[in-house]
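Colleague: With these hints in hand, go ahead and build the complete structure from the sequences.
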Amino acid sequence: MLVAVAALLVLFVLLPVIRVLSVPSAEHWLAYFQREAFVRATRNSLLMAVLSTSSAMAVGFLYAYAIVRADIPAKGLFRTVALLPLVSPPFVTGLATILLFGRRGLITHGLLGLTYNPYGWHGLWFAQTLSFFPIAYLGVAGVLRAISPSLELAAHNLGARRFAVFRTIAVPLATPGLASAALLVSIFILADFGNPMLLGGDFYVLATEAYLQVIGRYNMEMAAVLCTVLLVPALGFFLAQRYWVGARAYTTVTGRPTGLTPLRVSGPVRWILFAACLLVAMIVLSVYLVIAAGAFVQVWGVDWTFTLKNFQYTLFRQRDLYNSVRFGAMAGAITAVAATVTAYLTQRKSFPGRGALDFLTLLPVALPGTLVGIGFVLAFNQPPIELVGTATIIVAAMAVRTLPVGYRLSVASLHQIDTSIEWASRNLGASSLKTFARIMLPLLRYAFAGSFIYSFVKSINTLSAVVFLMTPGKVVASASILGLADHGYWSQATALAFSLIAVALLALGALRLVAGRRVQLFDL
Amino acid sequence: MTSIHVELSGLKKRFGDVTAVGGVDLAVPEGSFVTLLGPSGCGKTTTLRLIAGFYDPDEGEMRIGGRRINDLPPDQRNTAMVFQDFALFPHMTVFENIAYGLRMRGQPNAEISRRVEETARLLGLAGMERKWPLQLSGGQQQRVALARALIVEPEVLLLDEPLSNLDAKLRIRVRTEIRQIQQQLGKTTIYVTHDQEEALSISDTIAVMAAGRIVQVGTPYEVYYTPASRFVADFVGIANFVEGRVVRDGGAAGVEAGGAVLEMGTRDLRAGSAVLLAIRPEAVRLLEPGVSLEGKNVLRGVVTASSFMGSLARYWIEAMGTEWVVDVHMPVPRKLLAGEVVLQIPGERIHVLEQR
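Each protein sequence line maps, in turn, to chains A and B. Per numbering that gives the first Met the number 0, the first sequence starts with residue 0, numbered consecutively. Per numbering that gives the first Met the number 0, the second sequence starts with residue 0, numbered consecutively.
What the hints contain is simulated information worked out from the structure, not anything from laboratory work. All clues given are correct.
25 Å max Cα-Cα, derived SDA-like pairs, lysine to any residue:
#1 B:LYS295 x B:GLY338
#2 A:LYS74 x B:GLY15
#3 B:LYS186 x B:ASP70
#4 B:LYS130 x A:GLY176
#5 B:LYS11 x A:PRO261
#6 B:LYS168 x B:GLN179
#7 B:LYS130 x A:PHE165
#8 A:LYS348 x A:ALA411
#9 B:LYS130 x A:ALA163
Using C-beta positions, here's what the derived DEER-type ranges look like:
#10 B:PRO288 x A:ARG347: 55 to 61 Å
#11 B:ASN108 x A:GLY75: 45 to 51 Å
#12 A:LEU512 x B:ASP16: 26 to 32 Å
If you only want the chain A side, here are some residues facing chain B, beta carbon under 7 Å, derived:
#13 SER149
#14 LEU150
#15 LEU152
#16 HIS155
#17 ASN156
#18 GLY158
#19 ARG160
#20 PRO171
#21 LEU172
A virtual CB, placed ideally from N, CA and C, is assigned to each residue, including glycine.
Modeller: In structure tokens form, the structure reads like this:
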């Protein structure tokens with residue numbers, strides 16, 4: 000079992016990275032530093048990461064603070080709204096931005112009669128903030144919940160006023176966790192491909208520049224250079240998260256539930272927070288309403304009559320959605336099995352290289368999708384392993400990208416199962432393998448289901464990796480939405496996006512039916 | 000007569016449909032140590048949190064030094080609390096933890112340093128000021144929590160089960176220290192615990208709580224030897240309960256129970272009424288079998304189980320048609336009684352719980 004897992008990880012995680020790093024020669028690197036376009040793309044990537052991470056963190060913090068610490072109405076609605084960007088492709092926000100603010104935009108053109116151009120850094124900034132604030136929100140909410148309420152009450156009890164409590168207790172305790180959340184958000188924003196593709200205009204970032212090199216110039220080596228540049232900050236953030244922030248986080252969980260309610264914010268602050276949440280929620284909702292509306296009208300901005308014909312095209316004429324679901328389900332199954340087995344191995348067995356296995360399983364978090372896609376092409380385009388053009392390579396890329404989260408779910412679930420339960424089984428005469436099958440697997444079934452659904456949802460939404468791996472007949476919905484939008488087929492693009500989101504929500508609903516509230520994929 | 004320092008009257012608090020505190024009246028004299036004692040869910044911790052201001056009462060009044068505090072926010076009540084989980088700030092050193100309250104009161108740095116040093120010395124924490132809370136043992140963390148609360152010179156010191164996170168031996172030592180420091184400073188203190196032994200050993204006054212109400216207030220002696228109800232007798236220590244009927248009243252009162260008559264000396268009893276008696280396990284004398292059954296309140300019994308507990312031996316004995324718990328202190332080495340035994344119950348040690 001161990002050998003198989005290790006071999007697969009080396010083959011599908013390590014090998015593509017090594018290929019990307021080793022393919023370019025010195026002259027390609029020279030070209031990178033000399034060509035202004037590449038330097039600009041690098042600068043743009045970093046600029047966008049800094050801008051959007053800051054704004055996403057600000058919005059996420061407001062949102063989290065309001066939901067965790069303030070008695071505001073409609074919390075359920077706010078939580079659900081934050082879920083939407085997490086389960087739909089990030090470029091849905093970009094698509095909606097164009098439909099709202101573009102040349103035929105509902106708000107700019109329709110309502111205000113303006114000719115506003117959303118293409119460029121500002122439109123992209125807006126879309127990235129909306130797409131990724133829920134990740135910031137989840138991180139911050141987790142941090143805020145982990146602060147034991149008795150600490151703040153103790154400070155208040157010792158004479159600190161509310162704001163002093165916030166300043167001297169909440170902020171310093173939350174800082175390591177906030178830094179960690181910000182790093183995670185910035186990794187996502189740096190690596191995002193869909194929104195810069197849709198909205199960037201002539202604002203190229205590393206991911207889109209690499210795509211151009213591959214698709215436009217067939218220059219895999221140059222694309223590999225750009226991916227490597229993209230990998231440096233992402234890997235840096237990943238390592239910082241793993242070794243620096245992780246070690247500094249304050250463990251404030253004292254184990255004993257105190258039954259104390261955390262210090263709530265006061266009246267006026269509460270309403271300010273509520274208003275801010277409401278504004279954010281309205282904007283997010285408008286994104287999805289626009290997608291829904293676009294899917295059901297004849298021609299966006301021209302002919303607003305209701306129609307179902309857009310679905311005819313997306314659902315029946317094309318196999319894209321079917322491909323997405325099929326590949327996503329296969330990737331989900333592989334991720335769930337691999338995650339469960341790997342987690343069991345790293346958490347419950349001791350063997351040389353355990354730390355390395357854990358590292359390799361989590362590493363894909365730091366790998367930009369573009370790098371995975373290009374790495375797969377480079378690694379599997381020739382014998383002995385020739386996979387380019389098959390469905391296998393697409394499924395493998397999807398599985399690799401979602402493995403870390405599935406692994407974390409399984410690890411968390413394993414931590415809930417006391418080792419003595421396993422000892423009891425061994426003690427009563429069951430072998431190691433029997434114990435795994437009869438005791439651990441049934442106890443891990445909800446984590447298994449959770450990994451499956453998470454991987455499925457993320458896989459049908461992924462774009463940046465699979466865009467390099469598709470061949471005619473194996474096109475997936477996310478890529479075809481981008482293509483449709485690129486050519487101005489807004490109605491078909493939105494109809495397909497709408498269907499994709501519907502499939503994701505159905506999958507989440509199915510998980511809720513099977514596992515109830517026992518698995519929280521997105522700890523809202 | 001010392002003056003009343005903390006006064007609760009008609010205090011009520013509901014959480015949804017659950018009444019956590021259902022009308023508590025309590026007067027805490029200046030400088031005294033009062034313990035709220037009761038099983039979990041009796042409302043003792045809620046009462047403490049009401050005093051600290053973490054919850055707002057639904058009804059009733061709270062006064063400290065005659066001043067109504069109901070509407071004061073927690074930070075202005077000066078009711079420093081020691082939390083069950085200590086709630087030490089993990090991002091601050093021991094020094095900064097202790098100094099926290101003074102900083103919030105805007106004291107000058109020199110004054111803070113002087114007072115922290117003084118308080119650390121009082122609690123045996125000298126030399127640990129630069130350490131972080133997580134580097135300390137449980138007992139040391141406890142002292143930091145106490146130092147942090149004492150340094151602000153609170154009107155009243157609140158302690159919420161402060162010993163429950165310590166191991167058994169340390170618990171006994173720390174509770175003695177808490178009591179010594181409290182007496183040394185003369186600090187009005189309200190202490191919450193579910194541990195009856197802790198309450199008996201540490202308090203000037205115990206208020207026993209059940210189901211959101213105070214059912215008895217008294218000194219540890221009063222609560223132990225003259226419990227007001229079957230609940231108190233059962234919760235505070237162990238008690239043998241005997242139901243009987245008064246057959247003689249006046250100067251030589253007698254109660255008939257289980258076929259025997261217990262002589263109880265001079266008691267205020269009415270002949271013919273039903274009574275419930277409570278007898279502590281250590282009040283019963285256990286005699287070797289074969290001792291003559293002459294004398295008052297001597298019963299025959301059979302040992303059903305026994306347990307040697309070091310300084311005492313505990314017996315479960317069938318007598319008068321009921322099971323008795325009898326403790327023998329300083330048990331004879333290497334010898335536990337078995338089979339038939341004889342019990343003797345001194346009449347003056349029988350407590351009448353109820354008379355109907």
